[in-house]
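K.L.:
Here are the chains, one letter per residue:
Number of protein chains: 2
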Amino acid sequence: MTAHSRVRGNADAIAPVVATALPRRGVGLDEFRWSPDGFWGERQSTNRDATFAHCVAWMDRVGWLENFDRVARGEVTEAHAGWEFSDSEIYKLLEGMAWEMAREPSDALAATYADLVARVAAAQDADGYLCTAFGHPGLPERYSDLEMGHELYNVGHLLQAAVARVRSHGEDPLVHVARRAADHVCREFGADARQGLCGHPEIEVGLAEFGRAVGEPRYIEQARLFIERRGHGTLAVRPLLSADYFQDDIPVSQADVLRGHAVRALYLSAGAADVAVETGDDELLETLRRQWSRTVERRTYLTGGMGSRHQDEGFGADWELPPDRAYCETCAGVASTMFAWRLYLATGQAQYADLIERTLFNVIATSPSAEGTSFFYSNPLQVREEAPAAVANEVNMRAEGGVRAPWFDVSCCPTNVSRTMASLAAYAASIEGDTVALLQYGASTVVAPLASGVLKLRVQTAYPSDGAIRVVVDEAPDAEVTVRLRVPAWSRASGTAPGGEPESLARGWWDVTRVWSPGDAVLLELDTAPRVTWPDPRIDAQRGTVAIERGPLVLCAESHDLPEGVELDDVVVALDGSLAADADGATVSAVARPVSGASGAVAYAREPYEPLAETPLTLPLVPYFRWAERGPSAMRVFLRAEGSR
Amino acid sequence: MTAHSRVRGNADAIAPVVATALPRRGVGLDEFRWSPDGFWGERQSTNRDATFAHCVAWMDRVGWLENFDRVARGEVTEAHAGWEFSDSEIYKLLEGMAWEMAREPSDALAATYADLVARVAAAQDADGYLCTAFGHPGLPERYSDLEMGHELYNVGHLLQAAVARVRSHGEDPLVHVARRAADHVCREFGADARQGLCGHPEIEVGLAEFGRAVGEPRYIEQARLFIERRGHGTLAVRPLLSADYFQDDIPVSQADVLRGHAVRALYLSAGAADVAVETGDDELLETLRRQWSRTVERRTYLTGGMGSRHQDEGFGADWELPPDRAYCETCAGVASTMFAWRLYLATGQAQYADLIERTLFNVIATSPSAEGTSFFYSNPLQVREEAPAAVANEVNMRAEGGVRAPWFDVSCCPTNVSRTMASLAAYAASIEGDTVALLQYGASTVVAPLASGVLKLRVQTAYPSDGAIRVVVDEAPDAEVTVRLRVPAWSRASGTAPGGEPESLARGWWDVTRVWSPGDAVLLELDTAPRVTWPDPRIDAQRGTVAIERGPLVLCAESHDLPEGVELDDVVVALDGSLAADADGATVSAVARPVSGASGAVAYAREPYEPLAETPLTLPLVPYFRWAERGPSAMRVFLRAEGSR
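Chains X and L are the protein sequences, given in the same order.
Letter 30 of the first sequence, counting from 1, is numbered 505 in my numbering, and no numbers are missing.
Letter 515 of the second sequence, counting from 1, is numbered 990 in my numbering, and no numbers are missing.
What the hints contain is simulated information worked out from the structure, not anything from laboratory work.
Note that beta-carbon positions come from the ideal geometry of N, C-alpha and C, so glycine has one too.
It is possible that part of the hints are untrue.
Unchecked claim - So the derived list for chain L, only partly shown, Cβ under 7 Å to chain X, looks like this: (1) 1011; (2) 1078; (3) 1080.
Isolated chain X (complex conformation) (with noise of 0.2 Å):
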């Protein structure tokens, strides 16, 4: 197979999600490709070129793949090495392999994949039963720990690479295993047998899928079954965890919000919308639709980040958003991405993929290091204090955020921010009869497969940096097709066709059909002028602040570019028109006003507290993604306002 030239059914997309039963699908690795010195383009080759040796070198070091090896051996496990989820991490550094070598064939990786395939398969029992923590010698009985033992959850993670790898690849010992295992589970777990569940889903939204890849309706049908029999409090309620920790509180059909863990919450949305689509039940659909409209209007950070809570690693109530406080996990951006990308693929509608853009550029882009090998595990958008440095070469123990560190002792970022590099072609754009419709922007090229014919694209852009988007056809059919470009809903915009005039457009899609001819170009023009972001006022939390967005980034302060003796906390922005691009940042004029309280007195006075001086200053902002970079540093994303106390 060559890339770049295939036409294929739906179903052969190499992909990480395609549902035969609805019109459009995503692009495959093969179809989209992002230009190597693009945004995402740069970041790929890091992710390849220096994060998956980075994800190997440390499990090997703390024990995760010798913890195979034992099972393998058949020795009695005297410790097992990190958590009970600790197999997940190698099925999802599997999974980022298989599709960054369908992106681009490798050998090093193939014979680095074709070990650690060997290493996993070999501790794998007779009737497919595979867990290291679990199950075996010197370990606890298997299912013994259905609430936190994250067997199942394990396992998913492996159907998932698996599709990665069938999808892309065709059968292999990794797609072998898969099958063995996804069997054992429907036997051990299908209507007739243990009614149990796990406590931490992925199990769902890896046999949902699995079971597309290789045609197997069983596994779409025990996909089925875990959604339905969840949310019956069925999974015990430890000490200071209460049933929605795990969403076993309310069944999934009459849940109205996201709540609990947000990682859990939102692989389970993600399996439930495969299920949904799977068995055509729209009733269910429709309910995740209002979860997801609901959880993004409230319970979602300017930056698309999830999970207000650092207890539970938890979504909070309605508008509790604070920006200090944030967890936001990376693996959560991870998984509002699959969640809101199979709604997307369920209706075509351009608000999903807006979510994905805001998520993609200031979750995803922010976790991992320039150089790809340290990572942000929370991603707060305020961090009063610098940090301490990360210890460079230890597990670090704490996901408080403000500081990259290589590797943790949950350690779930790293791999899964590797795994959606690798195959972040597939968001980025879809196929629907004669439409090809573009979701995410950056220089890159496209070869659409539409019923008519193939239709091949050229994206020339700097964006983020700049917002034109020029859209070149390279080869197109015999018959009027449609390119579908979306509008995003931060941006005001303008389109000009071939031949045409600019023309305004309002959010959502610019549909430009015709007969193409080689050459044609489309031109979006999108306002990457930094602009104010003015927080909902019920979210307390931000009162009183504005952000500054340009383009999709949300930008930040750092006390890095503060003068000296100026705290970033005392730092009010002005909103008289002084905000200016800088470099890929802006500028804003600011005062700084620091003020004093009272000593030994709680911190509140009988009138409003009058500043101590007014230091006027200009305030430079660097996009979030960049955000420590430089070290450690002090940071805001919601900058005090002019009339704000």
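Could you slot chain L onto chain X? The hints should help.
P.N.:
Relative to the frame of chain X, chain L by itself:
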């Protein structure tokens, strides 16, 4: 002994803290009495008549008492009931009962007390070790989990109970048990023995005071050792915890602010203050005072509540004071009172009594229901949605706040409230040479054995409902002595000495020195009109809001009082002078300004949000301590104020 008649030296005071090295001491329970129909007197009666029996019944029901019996019988423990610290709940209750019997003897209470003490004593090992969760058949080894095992913490509470008993009654079986336990701890953890410390401080404050009470310097020295040992990273850090959780990150003598688990930090500080006083370590005392000042100025809520995070039940960073996620554990209020009281005794400064007042009225008084049989565990300052009602007859698992529950899985607060209520007189006044200082106001009587003779006072007031406080002399020595009255920082105040004119008073102290005659009276007038209070602008989560206070009481708005269809979070109060007193609360003009967000988009806009409507209303405010008395409600202390977005 007859209450209200003894004259004694400092060392004999019936009080929780008696530092003979200091020139001042708090009054004993036989020297100060709250009027039964006053604010605190009523609560003390409820504590006596309802709370003790409530707690005993629950401890019996959940098996925490049976834990002692099983150990006493030498049986194998199959399942220890409750957490490792459940023993401490019995000790806190015994402490409360001991104080209560000193306040007002009761045969019924004496019988219950004796029964409980006998069951406790029966479980003590021959070498003095006493714990039902470790060190017996079926249980983990002694001291095998110093980080989270709470064995020494339990002993600390036992010692505090014995302090109450030995001071109010003299030797008895509980005091005997406590001596043997303290001796055991000194042997096991002395300078030349195991260099360990307990993950939860409390043993320090227990040993220090018990050492004072029974005149045993070894106990005080052991407390000093424990304080000195802390802060060197001795305790093993577990995943998702760091050493600051149990204050093992920095030695007490070198820290600059309280951090980590709030109750731990405050108990530790109280013990360190005792050690500083007893060893004459002025440097340590000065360090503790600095830590207290920064903590109060930057990490304390308007209510006096401490602990900004549910995560780790901990302090947050400076200025991290979210109303909605305020943890403000009731026990942290108790612990803060313990710490501040010791600093008051050491320094004689009014600021410490100011914080105690704030905490007593707005944290301690808030926790119990009017019936004294259900309790708030955490005391948030905002709840957006009515909490589900507590399960009346079951152990409640969560401590989210918003509803009082009869018992908790971790049920530390009910007994902590109970022992504080019973001993509350001890914090109300102090004696120093020929000065009696009145620190906490309410209808009460005082018998102060001053250097020159006994001074008897009657305090006539409807405080906190009214700010007029009349102090009448009933008996006085034939010498010049001083009546010192605290002038709270929150009040404009005036004072009228016998035969004098009203004079304006500055915050701090008002001293009236003279040779008093029976019938002489002084009048302190505090301003209890409702007043607007402004948060420091550095508190991000309270920006654009004000609070309303009245006297020492923080007020709040409850959804119960809103017109149909108005949401509390849409209400903006006017700063137009419309604030008026109403019953024991206030009313203020306000307007409801609902907004609507964009569907399917994050809650941010390119222009300030425009209200959909403006509905004027009069907003009633009630004392925060009355919150949820009418059933679960949405509630706010910090109200959006005119001009807030």
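K.L.:
It remains to establish, for every hint, whether it holds in the given structure.
P.N.:
Results for each hint:
no.	hint	result
1	1011	holds, 4 Å
2	1078	holds, 4 Å
3	1080	holds, 5 Å
Of the numbered hints given earlier, the model fails none.
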